[in-house]
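Student: What follows is the residue order along each chain.
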Amino acid sequence: EAGVTQSPRYAVLQEGQAVSFWCDPISGHDTLYWYQQPRDQGPQLLVYFRDEAVIDNSQLPSDRFSAVRPKGTNSTLKIQSAKQGDTATYLCASSFWDRGDTEVFFGKGTRLTVV
Amino acid sequence: GQGVEQPDNLMSVEGTFARVNCTYSTSGFNGLSWYQQREGHAPVFLSYVVLDGLKDSGHFSTFLSRSNGYSYLLLTELQIKDSASYLCVRNNYAQGLTFGLGTRVSVFP
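Keeping their order, the protein sequence lines are chains X and C.
First residue of the first sequence: 149, per the numbering used here; consecutive thereafter.
First residue of the second sequence: 13, per the numbering used here; consecutive thereafter.
You may find that some hints are simply not true.
Derived CB-CB ranges, DEER-like [claimed, not checked]:
| hint | chain 1 | residue 1 | chain 2 | residue 2 | range |
| --- | --- | --- | --- | --- | --- |
| 1 | X | Ser206 | C | Met23 | 16 to 24 Å |
| 2 | X | Gln189 | C | Glu89 | 28 to 36 Å |
| 3 | X | Asp199 | C | Glu26 | 28 to 36 Å |
| 4 | C | Thr38 | X | Asp199 | 25 to 33 Å |
| 5 | C | Phe29 | X | Thr250 | 21 to 29 Å |
| 6 | X | Thr224 | C | Asp20 | 40 to 48 Å |
| 7 | X | Asp188 | C | His71 | 21 to 29 Å |
| 8 | C | Val56 | X | Glu200 | 21 to 29 Å |
| 9 | X | Lys219 | C | Met23 | 46 to 54 Å |
By construction, these hints were calculated from the structure, which means they are not laboratory data.
Predicted, not measured: the structure shown is a model, and the values here were computed from it.
Glycine included, every Cβ here is placed at the ideal spot set by N, Cα and C.
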């Protein structure tokens, strides 16, 4: 069974540039999460979806970050006008909603550096 | 992580044990998970507990006390390869998963 797939694996930007991250969850998983993990910290939830619906995006900086999952499968996280503080690894994860998040599967992440 | 607290670091010796403590906010609690994360890799699921007591999974065991908002992950017969960060994660149906900052466990010969 294929795991959660993310691309790109790495990205280096200058401040003010835009970038998009792509995630393909495990087939059949209805719940998809985007996390931001700064170096030496635990993952911090940005947004999560059940199917195509946003369940919680309260931690997503809405002025520069956006996330969509239009068909309830793949998802894209976009950063407009990146800042140095956005430097982190961006993790996508998926699970079955009905299992109450008992096990969440993570992709390998995209390591973003903003200079 | 807001609402989930765990120590930053823990050192132990190969062949012994390490206990990673975690305290969490009990509001809206729906279970607690533990993940292992090696440097440069994604977190990997270890265990999920929702009932009080000790859950023995062999090399990894987990304990939960819901009334105290406390859990621990016990690693026995430590090996060098157990050196990693261990993340305590509180589950809440409304808020999703809340991760602690992680405890970096270092196992020495």
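Student: When you take the CB atoms of Lys219(X) and Met23(C), is the distance between them in 46 to 54 Å?
Tutor: 48 Å, holds
Student: Can you tell me whether the CB distance of Ser206(X) to Met23(C) sits inside 16 to 24 Å?
Tutor: 37 Å, violated
Student: Just tell me: holds or violated, for the beta carbon distance of Thr224(X) and Asp20(C) against 40 to 48 Å?
Tutor: Distance hint for Thr224(X), Asp20(C) is violated at roughly 34 Å.
Student: Hint says 21 to 29 Å; check whether the CB-CB distance for Asp188(X) and His71(C) agrees.
Tutor: Because 26 Å falls inside the window, the suggested range holds.
Student: Does the Cβ distance between Thr38(C) and Asp199(X) fall inside 25 to 33 Å?
Tutor: Since the Cβ atoms of Thr38(C) and Asp199(X) sit about 30 Å apart, the hinted range of 25 to 33 Å holds.
Student: Falls inside 28 to 36 Å, the C-beta gap from Gln189(X) to Glu89(C)?
Tutor: Roughly 29 Å apart at Cβ, these two residues keep to the hinted range, so it holds.
Student: Is it true that Asp199(X) and Glu26(C) lie within 28 to 36 Å of each other by Cβ?
Tutor: Since the Cβ atoms of Asp199(X) and Glu26(C) sit about 46 Å apart, the hinted range of 28 to 36 Å is violated.
Student: Starting from the range 21 to 29 Å, see whether the pair Phe29(C) and Thr250(X) falls in it by beta-carbon distance.
Tutor: 26 Å, holds
Student: 21 to 29 Å was suggested as the range; check whether the CB atoms of Val56(C) and Glu200(X) agree with it.
Tutor: 28 Å, holds
Comparing the model with each earlier hint shows violations of hints 1, 3 and 6; every other hint is respected.
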